[in-house]
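Participant: Chain by chain, the residues run as shown.
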Amino acid sequence: MTCSKFDISMIADDSSRLQSKGDRAIVTVLGIDQIGIVAKVASVLADCGVNILDISQTLFDEFFAMNMLVSLSKCKVEVSLLKSKLDEVAEEMGLRILLQREDVFRFMHRV
Amino acid sequence: MDISSREVLETIRMVETENLDIRTITLGISLRECAGPSLEQTCTRIYDKITRAACRLIEVADSIERDYGIPIINKRISVTPISLVAEPSEARDLTPLAQVMDRAAEAVGVNFIGGFSAMVQKGFTPADRALINSIPDALASTERVCSSVNVATTREGINMDAVRLMGVIIKKTAEATAAQNAIGCAKLVVFANIPEDNPFMAGALHGIGQGDLTVNVGVSGPGVVLRAISGLGNAGFAEMIEAIKRTAFKITRVGELVARAAAERLGADMGIVDLSLAPTPAVGDSVADIIEAMGVDRCGAPGTTAALAILNDAVKKGGCMATTYVGGLSGAFIPVSEDAGMVEAVESGALTIEKLEAMTSVCSVGIDMVAVPGDTPETTIAGIIADEIAIGVVNNKTTAVRLIPVPGKSAGDLVEFGGLLGGAPIMPVSAFGCSRFVTRVGRIPAPLQGVRN
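The listed protein sequences correspond, in order, to chains A and B. So for the first sequence, our numbering puts the first residue at 45; every next one is plus one. So for the second sequence, our numbering puts the first residue at 40; every next one is plus one.
Calculated from the structure, these hints are not laboratory results. Using N, Cα and C, we set each Cβ at its ideal position, and we do this for glycine too. One or more of the hints may lead you astray.
Stated by the list, open to error - With beta-carbon atoms standing in for the labels, derived distance ranges: (1) V121/A to G458/B: 29 to 39 Å; (2) L125/A to E393/B: 50 to 60 Å; (3) L125/A to E49/B: 22 to 32 Å.
Start from the sequences and build out the full structure, keeping to the hints where you can.
Facilitator: Right under this line is the structure:
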């Protein structure tokens, strides 16, 4: 099998798309760093059929900040239920977890 | 990920600590087809149209808030100026139309409905007079209804008979709602050059050139602008203005996103995004605080008008890039009772009605939410309106007056209106009158600025 030629315009097209189709969201996790944050959050997402597309994580001293780009296209539950499951993890681990559609960030920070 | 963590956290910080929110999603509803031969028929049609058109407004706003994580503070309705809808009925007491608006607003769950209004810049029809004369009872017998009267435009001049009449109507409204600190007057605005797509109360109406259903969105964000300026120390003007523009872009962009989503989900036209910086009584969500962060000791001190002009212009320049359809009032608001910094400025003696009037020549909207002594003569109120309206007419901009002459209160007393309306000290009014001027009958013609063809 031959690799198809890499086409830079595919990337350019994607990044110029201002409004995503609405199936992509960003999960933000904020709190004190501890063992198992990524595992717990990822397991809730997996249970609900949410696919993680990208993760970035930062530590400011003990403060943990993680952003996950996720796809909700195969999500098996209502978004409100997904949010409440994430809230349970947040409660248990003393974190703050937010789930917001990706286009709010894209709109605000990209021309 | 093409959105960085820093950007995600910036957005979250704006919402959680700087009071970034969507101040209002306002659904404009045309009531033109509701005009009936009798008041009863008109009432039934109005109730049916509003409850049908807006039945999903709250549900849609809540779903947008949930999806994007941006708070949407108010969901509101604006309607066709009611004097137009009332015309065929020939009724002289239009209070029942305000009451039906109130019931419809309650039924769909909105906290304010605007459009108990008349446009009388050139003269009155019988229905216009009936509407204006019904305002005191209408506002006293409803909770959610807002009223506005346009008394002037740059193209048509000032209807001084209407200005004088509004002095009387404001006093009557204050008396009719005296038990609640004249709160009726907080829901009554006198305008020059009223915008017909303004989403903000109390002046919202759905003008005659609008479509059937239109979503107009008002953004907020004085707290976000305040933070951007405070972090700059003694930076030069260019740097400060750049920071305001960048911030205004981001705030407005959220408004654009929400307006598009709301219009799509409601099956309505997307109307406009209003760029106004709208303060709330919350600490840190104040336009006065921004002026002080620019380096004016107290809002109202020399330098205030220039600082406000800078703010207003930079917000517009940043905001215009962020939305295709700019509309409504689109300027910084300087309501006194709704802005904790303005209230402090009045209490410290830095801010007077006369300085507020000067400030309104460089921003939107006017002498707004200003409480004055209950014994202020109606001709003096008419004089304050005439001055403010003249600024709007000559400068080709919207200006407005929302004065609250609180019965039984004098300068320095405090009054509380509650909620987003806030509370304020009674501001002193000039002891010198103008009754011989405002009792002259007729119109002031359009200024040369209005003769543009």
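Participant: Hints broken by the structure, by number, lowest first?
Facilitator: No numbers; nothing is violated.
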